Amino acid sequence: MTSRAGRQGARWGAPAAVVAAALVGCLELSTDPDFPFALEFEGIAYPSVLAQDTLRDAAGVAAPLQAVAYNGNGDVIVGAAIEYLTLDTGVTISATGILTTTRRTGSVRVLASVGGLQTSDRLLIVSRRPDTTFTEQDTLVQFTYALPDVAANVTPELRLRLQTTDTVGGLTPNVPGWVVRWRAVHAGDTLAPGDTSLVTLLSLGGARSALDTTTADGNSVRRLRIWANRLVASVDSFVVVAEVQFHGVAVPGSPVRFLVKVAPPAAP
Numbered sequence: 032m033t034s035r036a037g038r039q040g041a042r043w044g045a046p047a048a049v050v051a052a053a054l055v056g057c058l059e060l061s062t063d064p065d066f067p068f069a070l071e072f073e074g075i076a077y078p079s080v081l082a083q084d085t086l087r088d089a090a091g092v093a094a095p096l097q098a099v100a101y102n103g104n105g106d107v108i109v110g111a112a113i114e115y116l117t118l119d120t121g122v123t124i125s126a127t128g129i130l131t132t133t134r135r136t137g138s139v140r141v142l143a144s145v146g147g148l149q150t151s152d153r154l155l156i157v158s159r160r161p162d163t164t165f166t167e168q169d170t171l172v173q174f175t176y177a178l179p180d181v182a183a184n185v186t187p188e189l190r191l192r193l194q195t196t197d198t199v200g201g202l203t204p205n206v207p208g209w210v211v212r213w214r215a216v217h218a219g220d221t222l223a224p225g226d227t228s229l230v231t232l233l234s235l236g237g238a239r240s241a242l243d244t245t246t247a248d249g250n251s252v253r254r255l256r257i258w259a260n261r262l263v264a265s266v267d268s269f270v271v272v273a274e275v276q277f278h279g280v281a282v283p284g285s286p287v288r289f290l291v292k293v294a295p296p297a298a299p
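Add 31 to the 1-based position in the sequence shown for our numbering, that's all there is to it.
In case anyone wonders, no lab produced these hints; they're calculated from the structure.
Treat the numbers as computed from the prediction; the structure is a model and nothing was measured.
Built from N, CA and C at the ideal position, the CB exists for glycine as well.
Mixed in with the good hints, there may be bad ones.
Stated by the list, open to error - Derived Cβ-Cβ restraints for the label pairs, each shown as a range:
id: 1; residue 1: 240; residue 2: 151; range: 18 to 24 Å
id: 2; residue 1: 119; residue 2: 263; range: 48 to 54 Å
id: 3; residue 1: 196; residue 2: 265; range: 43 to 49 Å
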């Protein structure tokens with residue numbers, strides 16, 4: 032959880048005199064357990080909302096926006112009158128935080144507000160129903176790693192694409208903002224996301240990550256870091272699996288499986 036001081040600092044960016052005045056007011060009211068001292072936007076149930084639909088969680092259940100207000104003691108204010116706002120048109124948010132959009136594409140920005148406090152805005156992608164999952168590359172990847180181990184022991188991109196049949200109005204078939212779950216399998220066993228004993232799933236930016244969100248072109252990409260010095264066998268193989276679901280049910284074509292065969296350089 033963010034510290035009280037961190038939450039406070041993240042919300043105020045006014046000139047020093049204004050901040051000082053605000054601090055005096057907060058100090059005077061700090062004993063009131065219902066006075067909001069900090070506000071935190073906890074998160075959004077899913078990174079995208081279906082076109083002309085309500086924001087839902089991964090299972091397809093309507094999910095309200097959620098923020099938490101804290102008093103001067105750092106305690107949660109139960110029942111705080113938090114208001115949710117949008118900076119874009121084509122979006123409505125009910126008093127209970129249920130977001131609905133009439134948009135067909137694009138994105139919307141939402142934020143939370145209470146007692147003069149306001150969070151930074153959060154972005155939601157307006158997406159369409161995903162209908163097919165596929166890859167445009169060969170699912171057999173042959174990779175030669177270096178010895179001793181080096182940072183360059185990373186496979187080429189493993190790329191999945193997500194598309195829809197909903198192209199009314201000339202819209203692109205690509206589906207952005209959809210969650211893709213990646214995992215690596217070795218000898219029939221799924222490796223835990225934090226397991227770096229043999230391989231590690233990496234984002235394009237190099238961060239260790241097994242969870243991704245499709246980009247504007249409908250793509251999700253991962254690379255496999257091979258820890259050459261830790262391999263049990265010099266010639267080995269791994270299966271990398273990418274899974275996509277629509278409200279708890281696999282999208283046609285999912286999961287996509289890549290077979291990654293690894294070996295050391297050939298003897299001279």
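Hints versus structure:
1. 240 x 151: 18 to 24 Å: 23 Å, holds
2. 119 x 263: 48 to 54 Å: 53 Å, holds
3. 196 x 265: 43 to 49 Å: 46 Å, holds
Checked against the numbered hints given earlier, this structure breaks none of them.
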